Amino acid sequence: MVENRRYLTYVAHATLILGIVIVAFPIWVTFVASTHEPQDLLTSPVPIWPGGAFLENYRQVLGVGLEAAGGVPVGTMMFNSLVMALAITIGKIAISIIAAYAIVYFDFPFRMTAFWLIFVTLMLPVEVRILPTFKVVADLGMLNSYVGLSVPLIASATATFLFRQFFLTVPDELMEAARIDGAGPIKFFRDVLLPLSRTNIAALFVILFIFGWNQYLWPLLITTDESFYTIVMGIQRMVTVADAEPQWHLVMATTMLAMLPPVVVVICMQQLFVKGLVEVEK
Amino acid sequence: MADVQLRGVKKDYPGGFRAIHGIDMHIGDGEFIVIVGPSGCGKSTLMRMVAGLERVTEGDILIGERVVNEVEPADRNIAMVFQNYALYPHMTVFDNMAYGLRNRRTPKAEIEKRVAAAAEILELQGLLDRRPRQLSGGQRQRVAMGRAIVREPSVFLFDEPLSNLDAKLRVQMRLEIRKLHQALGVTSIYVTHDQVEAMTLADRLVVMNAGIAEQIGTPMQVYRQPATTYVAGFIGSPAMNFIAARLGPDGADIELPAGGRLPMSNGALASQAGREVTLGIRPEHLTVSGAGDGVVSLNVELIEQLGADLLVHGHFGGDRTDITLRLAGATPVSAGDVLPLGVAPESLHLFDRENGRRLETAAPSDVPM
Ligand SMILES: Nc1ncnc2c1ncn2[C@@H]1O[C@H](COP(=O)(O)OP(=O)(O)OP(=O)(O)O)[C@@H](O)[C@H]1O
Ligand SMILES: [Mg+2]
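Protein chains in written order, with our numbering: chain W, 740 to 1021; chain X, 4 to 372.
Okay, chain W solo, but in the shape it has when bound:
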């Protein structure tokens, strides 16, 4: 720090605490709402402290689901989301790290063309290509399946680009030393490059898992079978029920549950993740 004045420290802390309160308050309200009886939420003032219906509410959403929204238990939806998010995350990382390896370490014709083709798709978000993609997936008969949920979202320019940038910072001599040590391309990848990319992989895992978990539009488009509903689209269906009041207490409980897996992933990966963002271990 340039200056170390006391009041500056107080101001800084006050700002940060205020920020946390602003960010955390909606989550608190959600939690509180998920622990009350439905009628408590319809009367003013809205409660600020947790009520006594915690167990009932959560038991109902996990086991039975909402009648009006198709009656899919939240447990099933969370499982679907988890499968989709993990498939997208692992698929993206696996494909992009291999693609980056090829682009950086192998000399093949049109190598730069390949790179630029990948790079250009960075600028095309899923929504832009969603209709053609839907057509392809439908024609392949992949509607209402885990494959259809995850595969179209796996190709990733961003992750390929990040891995490429990382590989470029790995000194060439490391590859040459490995060649002299008798490590072929696969061994070099497995024994040297992969362990060195560990922190990058962890960081990407967190980001991509949340990306996959939060997918909304795509699952909404391609699933019509309730057993393939994901949780994020499930919440939306609960809110926009036809001729009935939204069951806010149950919606809020579902929301709390939907937030859990990303939080768990962040906490588990935190140490590696922060390292990956801050430290370059070479």
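Source of the hints: derived by calculation from the structure; they are not laboratory data. Wrong hints could be hidden among the right ones.
Straight-line C-alpha distance at most 25 Å; calculated SDA-like pairs for lysine to any residue [unchecked claim]:
hint, chain 1, residue 1, chain 2, residue 2
1, W, Lys926, X, Arg136
2, W, Lys926, X, Ile114
3, X, Lys13, W, Glu915
4, W, Lys926, X, Asn106
5, X, Lys111, W, Arg929
6, W, Lys926, X, Asp98
7, X, Lys116, W, Arg918
8, X, Lys13, W, Glu912
9, X, Lys111, X, Ile124
10, X, Lys13, W, Asp911
11, W, Lys926, X, Glu155
12, X, Lys111, W, Asp911
13, X, Lys111, W, Arg918
14, W, Lys926, X, Asp78
15, W, Lys926, X, Pro110
16, W, Lys926, X, Glu57
17, W, Lys926, X, Ile124
18, W, Lys926, X, Arg105
19, X, Lys111, W, Asp846
20, X, Lys13, W, Asp846
21, W, Lys926, X, Gly33
22, W, Lys926, X, Glu113
23, X, Lys116, W, Gly921
24, W, Lys874, X, Arg136
25, W, Lys926, X, Gln86
Output of the computed footprint for chain X on chain W, the stretches with three or more beta carbons under 8 Å from beta carbons of chain X [claimed, not checked]:
hint, segment
26, 908 to 920
27, 926 to 932
Taking CB as the label site, the calculated pair distances span [claimed, not checked]:
hint, chain 1, residue 1, chain 2, residue 2, range
28, X, Lys13, W, Leu870, 57 to 63 Å
29, W, Phe845, X, Glu349, 58 to 64 Å
30, W, Leu933, X, Gly129, 53 to 59 Å
31, X, Ala112, W, Pro812, 56 to 62 Å
32, X, Ala112, W, Phe845, 50 to 56 Å
33, W, Leu933, X, Val70, 33 to 39 Å
Bear in mind that the values here come from a model prediction, so they are computed numbers and not experimental data. Just so it is clear, CB atoms sit at the ideal spot from N, CA and C, and this is done for glycine as well.
Since chain W is already given, all that's left is putting chain X with the ligands on it; use the hints.
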């Protein structure tokens, strides 16, 4: 162990740049060869071709009678120490050394034995569980050497292995490399641009310039009989003085541009009488002679006191060529003095003015090695 032969080796980089213009060399079994030369002259390129990291454009490289042009680095039975060490950052010191052996399916017990032996030689016993980033520069250097030693290769390749170390450590590691070579007797090729390293380590020296081997010889041959003005100027510090001169009418002495004559030994160049030459004299071979027998006189302009030595810069009379000479540190000289200088006839080097090649004045057998 094996010898290494280069036969008309050339290297063109993609884009058409010719980095090596054709080198022929035979490196004997157990010999320590040092390649020196300025930055960009192709030292690393040459070494990387021997290692198999760079393709040979033309010519052949043989390791122990086998042409290795198309052989993978791992199958050439060589080991290389890189300038930045290139240790695997995520592996322990032990694993760094063992990795190559594991890839060749060496039995576990054998790996442990060899790593332990290398660690003992290099004094790395206590460090085997550390990661490279927990080591000092000198220790990393040792691990890199250890990785080379455990493979028990037939050729060691070193590409400027000491250039990242501080001066003191460099001296120490230089001695250790020398000792190691004496102990193991493995054929070694060592690239450096440090003259002292080159002179002290080499059995034979290769002086390179712009992709050409200007001279190959023992350090003393290169010092005493530099083949070209380039080599003469590159080896030796401070660098050799070069003076544009002319052979006398009978070819037995040299006329200096500022007047004065220097007699030559053996007077062997009678056929070349009157020829324009470049005269080379090393700073340490110019001596201050007693009044009267000095052949030329130096107008002193600048003194550099180095402690043990004294460097004197000046001119011969009206000639503007800078002359440097090295005297004992205590010699009383100051700027403005005129020093009478003498030089032994056998310390004169004559080079062709046009192409810079050495003109032999005496039969080579007369020159002590
Ligand atoms: N991959 C490459 N592509 C094209 N030219 C190259 C390549 N590598 C090296 N060169 C050129 O070849 C020449 C020799 O390079 P090299 O690395 O062998 O030099 P060096 O003698 O080892 O120099 P230094 O002492 O700086 O390490 C240089 O002019 C360099 O620019
Ligand atoms: Mg080099």
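Cross-check of the supplied hints:
Restraint check for Lys926(W) and Arg136(X): satisfied, since their Cα atoms lie roughly 23 Å apart, inside the 25 Å limit. Between Lys926(W) and Ile114(X), the direct Cα distance comes to roughly 19 Å. Compliance with the 25 Å bound is thereby established for this hinted pair. Taking the CA atoms of Lys13(X) and Glu915(W), the gap is about 21 Å. The hint holds against a cut of 25 Å. Between the alpha carbons of Lys926(W) and Asn106(X) the distance comes to roughly 9 Å, so the proposed pair stays at or under 25 Å and holds.
Our distance criterion of 25 Å between C-alpha atoms is met by Lys111(X) and Arg929(W), whose separation comes to about 21 Å. Restraint check for Lys926(W) and Asp98(X): the C-alpha separation of about 15 Å stays at or below 25 Å, so the hint holds. In summary, the hint linking Lys116(X) to Arg918(W) is supported, as the alpha carbons are separated by about 23 Å, within the 25 Å threshold. Proposed proximity of Lys13(X) and Glu912(W) is supported: the alpha carbons are some 23 Å apart, at most 25 Å.
Distance check on the hinted pair: Lys111(X) and Ile124(X) sit about 20 Å apart at the alpha-carbon level, within 25 Å; holds. In summary, the hint linking Lys13(X) to Asp911(W) is supported, as the alpha carbons are separated by about 23 Å, within the 25 Å threshold. Taking the CA atoms of Lys926(W) and Glu155(X), the gap is about 22 Å. The hint holds against a cut of 25 Å. Taking the CA atoms of Lys111(X) and Asp911(W), the gap is about 29 Å. The hint is violated against a cut of 25 Å.
A hinted pair counts as satisfied when its Cα atoms are at most 25 Å apart, and Lys111(X) with Arg918(W) qualifies at roughly 21 Å. Only pairs whose Cα atoms come within 25 Å are accepted, and Lys926(W) paired with Asp78(X) is accepted, the gap being roughly 16 Å. With a C-alpha separation of about 19 Å, the suggested pair Lys926(W) and Pro110(X) falls inside the 25 Å cut-off, and the hint holds. Annotation: proposed proximity of Lys926(W) to Glu57(X) holds, straight-line Cα distance about 21 Å (limit 25 Å).
For the hint pairing Lys926(W) with Ile124(X), the CA-to-CA distance comes to about 29 Å; that exceeds 25 Å, so the pair is violated. With a CA separation close to 11 Å, the supplied pair Lys926(W) and Arg105(X) stays within the 25 Å bound. Only pairs whose Cα atoms come within 25 Å are accepted, and Lys111(X) paired with Asp846(W) is rejected, the gap being roughly 36 Å. Between Lys13(X) and Asp846(W) the alpha-carbon distance is near 22 Å, which keeps this suggested pair within the 25 Å criterion.
For the given pair, Lys926(W) sits about 32 Å from Gly33(X) by alpha-carbon distance, which is inconsistent with the 25 Å threshold. Between Lys926(W) and Glu113(X) the alpha-carbon distance is near 22 Å, which keeps this suggested pair within the 25 Å criterion. Taking the CA atoms of Lys116(X) and Gly921(W), the gap is near 20 Å; set against the 25 Å cutoff, the hint holds. Between the alpha carbons of Lys874(W) and Arg136(X) the distance comes to roughly 53 Å, so the proposed pair goes past 25 Å and is violated.
A threshold of 25 Å between alpha carbons decides the hint, and for Lys926(W) with Gln86(X) the separation of about 24 Å falls inside it, so the pair holds. Counting residues of the segment 908 to 920 of chain W whose beta-carbon sits less than 8 Å from any beta-carbon of chain X gives 9, enough to reach three: the coverage restraint holds. Here's how the segment 926 to 932 of chain W fares: 3 of its residues keep a CB closer than 8 Å to some CB of chain X, so the rule of at least three is met and the hint holds. Our hint of 57 to 63 Å for Lys13(X) and Leu870(W) holds, since their Cβ atoms are close to 58 Å apart.
Checking the proposed 58 to 64 Å range against Phe845(W) and Glu349(X) shows it holds: the Cβ atoms sit about 59 Å from each other. For the pair Leu933(W) and Gly129(X), the supplied restraint of 53 to 59 Å is violated, since their beta-carbon distance comes to about 29 Å. A hinted range of 56 to 62 Å for the beta carbons of Ala112(X) and Pro812(W) is consistent with their spacing of about 58 Å. Here the CB-CB span from Ala112(X) to Phe845(W) is close to 37 Å, at odds with the stated 50 to 56 Å.
At roughly 36 Å, the beta-carbon separation of Leu933(W) and Val70(X) lies within the given 33 to 39 Å, and the hint holds.
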